[in-house]
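There are 2 protein chains.
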Amino acid sequence: MAEKQVRVGLAGFGTIGCGVAKLILEEAESIAAKTGLRLELGCVVDTDTESARPVKLPKSILTNDINRLLNDDTIQIGVELIGGTDAAKDVQLKMLDAGKDVVTANKALLAEHGNELYEAAHRNGRCIAFEGSCGGGIPIISAIRTGLVANNITAMYGIVNGTCNYILSEMTSKGEGFSEALAQAQNKGYAEADPTLDINGGDSAHKLAILASIAFGYEITLEDIFVEGIESVSKADIRYGGEMGYILKLLAIGQKDKEGKVSLCVYPSFIAKDNPLARVNGPFNAISIFGSAVGQVMYYGRGAGMMPTASAVVADIIDAALGNSVTTFRHLHLKPRSETELLIEKIGNCVSRFYIKVLAKNQPGVVAKYSKVLGDHDISISGALQHEGAGPNNTVPVVIITHSVQQKNMTAALVELAELDVLSGRPVCIRIVDIPEDKD
Amino acid sequence: MAEKQVRVGLAGFGTIGCGVAKLILEEAESIAAKTGLRLELGCVVDTDTESARPVKLPKSILTNDINRLLNDDTIQIGVELIGGTDAAKDVQLKMLDAGKDVVTANKALLAEHGNELYEAAHRNGRCIAFEGSCGGGIPIISAIRTGLVANNITAMYGIVNGTCNYILSEMTSKGEGFSEALAQAQNKGYAEADPTLDINGGDSAHKLAILASIAFGYEITLEDIFVEGIESVSKADIRYGGEMGYILKLLAIGQKDKEGKVSLCVYPSFIAKDNPLARVNGPFNAISIFGSAVGQVMYYGRGAGMMPTASAVVADIIDAALGNSVTTFRHLHLKPRSETELLIEKIGNCVSRFYIKVLAKNQPGVVAKYSKVLGDHDISISGALQHEGAGPNNTVPVVIITHSVQQKNMTAALVELAELDVLSGRPVCIRIVDIPEDKD
Numbered sequence: 041m042a043e044k045q046v047r048v049g050l051a052g053f054g055t056i057g058c059g060v061a062k063l064i065l066e067e068a069e070s071i072a073a074k075t076g077l078r079l080e081l082g083c084v085v086d087t088d089t090e091s092a093r094p095v096k097l098p099k100s101i102l103t104n105d106i107n108r109l110l111n112d113d114t115i116q117i118g119v120e121l122i123g124g125t126d127a128a129k130d131v132q133l134k135m136l137d138a139g140k141d142v143v144t145a146n147k148a149l150l151a152e153h154g155n156e157l158y159e160a161a162h163r164n165g166r167c168i169a170f171e172g173s174c175g176g177g178i179p180i181i182s183a184i185r186t187g188l189v190a191n192n193i194t195a196m197y198g199i200v201n202g203t204c205n206y207i208l209s210e211m212t213s214k215g216e217g218f219s220e221a222l223a224q225a226q227n228k229g230y231a232e233a234d235p236t237l238d239i240n241g242g243d244s245a246h247k248l249a250i251l252a253s254i255a256f257g258y259e260i261t262l263e264d265i266f267v268e269g270i271e272s273v274s275k276a277d278i279r280y281g282g283e284m285g286y287i288l289k290l291l292a293i294g295q296k297d298k299e300g301k302v303s304l305c306v307y308p309s310f311i312a313k314d315n316p317l318a319r320v321n322g323p324f325n326a327i328s329i330f331g332s333a334v335g336q337v338m339y340y341g342r343g344a345g346m347m348p349t350a351s352a353v354v355a356d357i358i359d360a361a362l363g364n365s366v367t368t369f370r371h372l373h374l375k376p377r378s379e380t381e382l383l384i385e386k387i388g389n390c391v392s393r394f395y396i397k398v399l400a401k402n403q404p405g406v407v408a409k410y411s412k413v414l415g416d417h418d419i420s421i422s423g424a425l426q427h428e429g430a431g432p433n434n435t436v437p438v439v440i441i442t443h444s445v446q447q448k449n450m451t452a453a454l455v456e457l458a459e460l461d462v463l464s465g466r467p468v469c470i471r472i473v474d475i476p477e478d479k480d
Numbered sequence: 041m042a043e044k045q046v047r048v049g050l051a052g053f054g055t056i057g058c059g060v061a062k063l064i065l066e067e068a069e070s071i072a073a074k075t076g077l078r079l080e081l082g083c084v085v086d087t088d089t090e091s092a093r094p095v096k097l098p099k100s101i102l103t104n105d106i107n108r109l110l111n112d113d114t115i116q117i118g119v120e121l122i123g124g125t126d127a128a129k130d131v132q133l134k135m136l137d138a139g140k141d142v143v144t145a146n147k148a149l150l151a152e153h154g155n156e157l158y159e160a161a162h163r164n165g166r167c168i169a170f171e172g173s174c175g176g177g178i179p180i181i182s183a184i185r186t187g188l189v190a191n192n193i194t195a196m197y198g199i200v201n202g203t204c205n206y207i208l209s210e211m212t213s214k215g216e217g218f219s220e221a222l223a224q225a226q227n228k229g230y231a232e233a234d235p236t237l238d239i240n241g242g243d244s245a246h247k248l249a250i251l252a253s254i255a256f257g258y259e260i261t262l263e264d265i266f267v268e269g270i271e272s273v274s275k276a277d278i279r280y281g282g283e284m285g286y287i288l289k290l291l292a293i294g295q296k297d298k299e300g301k302v303s304l305c306v307y308p309s310f311i312a313k314d315n316p317l318a319r320v321n322g323p324f325n326a327i328s329i330f331g332s333a334v335g336q337v338m339y340y341g342r343g344a345g346m347m348p349t350a351s352a353v354v355a356d357i358i359d360a361a362l363g364n365s366v367t368t369f370r371h372l373h374l375k376p377r378s379e380t381e382l383l384i385e386k387i388g389n390c391v392s393r394f395y396i397k398v399l400a401k402n403q404p405g406v407v408a409k410y411s412k413v414l415g416d417h418d419i420s421i422s423g424a425l426q427h428e429g430a431g432p433n434n435t436v437p438v439v440i441i442t443h444s445v446q447q448k449n450m451t452a453a454l455v456e457l458a459e460l461d462v463l464s465g466r467p468v469c470i471r472i473v474d475i476p477e478d479k480d
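As given, the protein sequences belong to chains A and B, one line each in that order.
Each residue of the first sequence is one higher than the one before, counting from 41 in the working numbering.
Each residue of the second sequence is one higher than the one before, counting from 41 in the working numbering.
Hints are not guaranteed to be accurate.
As the list claims (entries may be wrong) - Think about it this way: if two alpha-carbon atoms lie no more than 25 Å apart in a straight line, the pair counts; the simulated DSS-like pairs of lysine-lysine are: (1) B:K375 with A:K44; (2) B:K301 with B:K397; (3) B:K479 with A:K275.
Claimed, not checked - Facing chain B, according to a computed beta carbon distance under 8 Å, are these residues of chain A, among others: (4) K214; (5) P348; (6) T368; (7) T435.
Unchecked claim - These stretches of chain A come out as covered by chain B in the derived footprint (C-beta under 8 Å, 3 or more residues): (8) 105-112; (9) 258-267.
Hint data in this document are derived by calculation from the structure and do not stem from the laboratory.
Beta carbons: idealized from backbone N, C-alpha and C, even for Gly.
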């Protein structure tokens, strides 16, 4: 079969953009040998055309004029790697209106304005492909959308932010504090200079919004997701949890019950030490999915970085060039907002077990008092650990593990615990997530 | 968008066939909601139309006449789940000639006659989709072919046979012997009444042939693969290996060097205890792949069984119905046999470390003698363990771990070791596989 030429226009020449350009330039031959498609860079657009980059482009294809990409009809595929939600959205819409398929890794944009963009793609008979938006190089989007399509997906548990996973892994294995571990993540290039969106759970929520929509077939927005970050996690809690058999991970969790009600959360989660996700360390990502037919599957790999993400972006380019993306995209039906809104479980109704740490003052009757508060809210204690020796200000740290209870009961109990005069400061509360095990 | 009806004909109504029928019948609604495709069973063909099955078919669609499937032009997709290589091949060829896309999970047939079948598919402008042939419900074929297409894949290490993995897991965790563990696998339904093809490594080799072809882009045949089964693995060796820090797994290994030379092996392999593959237990499968851009990725899930495999088969049906399979298939270029034959490394040239166990007679000078044999063949010892206490016939088991050495040197040394009068019986030789680690 004759080779088919595929011309690609790249908007955004930052880290991922450089990776994509590198792959297209250096792997064109081997991709052509494997697929019969010859990828060609039509142009690369960036406001900065001067800075040195780790990839050498052919002469005169770098430009600051987006119209060169938009108006070039030989360019079939537009790759948006600008990032952010303003200029990027405008560029994607214009690419679609110009009749190009769009490939992107922009999770923030898709999580916030996905529905509007998808509509524009449908209107133009084109597609938006976004394998690179979640899980870096792990082909997780196509796994859910295509590979597991015959399944009713009942749950997903993901470690989808490499920065947080690196920080928590360091805190766990080396007993480091949060700031130390964050500084090290920045040194190693795993955290941005401004790491806010990573550590506050926002980035994980973006990814969960995208993954959960296609897994459950619902239009999902960021507002549907309950989010807590890892900013206030202490090494003491990681250590105490470890003594009880748990490892702390920032999990993105989507669960669907039998009535189709979906709960969506991102929060620091204690999980059992022997769960496969507990062993995912450093900047790696992993996603466990439970399907009605397939049981448990897990995908593991690098969740970010120049080349892993570029690997996913170029896979999307090839899939778009084959014409498969547009078909898959056209056949991806999401239940509209009007129907799904009612199906999103409020966080207050969600049930889990909890790890609670209180600092008890050294005086008689303390246990009776905090136990009564918990009991008053129907919270049953399954385990407790009071270390001898002192916490700050002549207090004793007490760790309590509860049985399953609704979040709203726990929230109310925490308010009362914070007011108890026998305890010092606010109690620490971390959810314990019991990931189901698919065993023989 | 209006729903599109997709009529499917099923040939083979055994375990997997029942699972596929069940999914099509029970999940039609949810699949239609997610994809706009309404799957319908046109007919189900099996020589046995009488036995009770765990799924109830609509009236009169079960038949023993394959022509009802072949001659029904409303059936676009033929699913071959007959198994074996004779009737199945004939049926697939006839399906293709009748203009139907073929979906199958028949790894033996593809590994043995894939090239002939692929040619027939190309000739007819149709496709053969085979996600269910490897890794059960894990969408591994599409991950390699689509998700990782931008990568130069340099290596894959797979636990791809659930029967063997169950047996080795039981032997490792419970100290059981091979026959005990096999009997238990049969009791649990993880091993067939005749488990030969599983335990002799043949099934893993079939899967490796398929996975390696698409990963490396080479036409690969079974003859290219060096195969050893787990029949002669003893619990003692699993225990001794464990003491040295290794876990025994049956691995399917494909590696490509910088010159494009590929080595393909299936054999019992000692791997480091902390490698993620070492923790894959029971009937589960997992495949670690190393790509030039993506680094290490790993896929984990149930590698066999009715519903997991059916999940993969139905995913293929949907992909075929969308028209994507035929495009992907048309664009899958494999280097032909004439070119690849020269690129397959002979097993003798392959390099690895080895675990050797000899039974040394209780007499002076033994160490000097076997050490000399190893030294004569350029085999350097990196560790050794001689347990006090006796082996059979007043011997002492000595475990030797070697540095890397070519297989042909080891083969020659083993012949001489077997002849040494200070050793009893034939030495045991198991490869130690150092799976690379993708770390920060």
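Hints versus structure:
Distance hint between K375 of chain B and K44 of chain A is fulfilled; the C-alpha atoms sit about 18 Å from each other, no more than 25 Å. A threshold of 25 Å between alpha carbons decides the hint, and for K301 of chain B with K397 of chain B the separation of about 31 Å lies outside it, so the pair is violated. This hinted pair checks out: K479 of chain B and K275 of chain A have alpha carbons roughly 24 Å apart, not beyond 25 Å. A hinted interface residue such as K214 of chain A counts as satisfied when its beta carbon comes closer than 8 Å to some beta carbon of chain B; here the least separation is about 14 Å, so the hint is violated.
Hint status for P348 of chain A: holds, given a least beta-carbon distance of 5 Å to chain B, under 8 Å. Contact between T368 of chain A and chain B, as hinted, is supported at the beta carbon level, the nearest pair being about 7 Å apart and thus within 8 Å. The beta carbon of T435 of chain A comes no nearer than 38 Å to any beta carbon in chain B, farther than 8 Å, and the hint placing it at the interface is violated. Check on the region 105-112 of chain A: 0 of its residues sit with their Cβ under 8 Å from a Cβ of chain B, so the three-residue criterion for coverage is violated.
Figure legend: the region 258-267 of chain A, annotated as covered by chain B; annotation inconsistent (0 residues with Cβ-Cβ distances under 8 Å, at least 3 required).
Consistency with the previously given hints fails for numbers 2, 4, 7, 8 and 9, ordered from lowest to highest.
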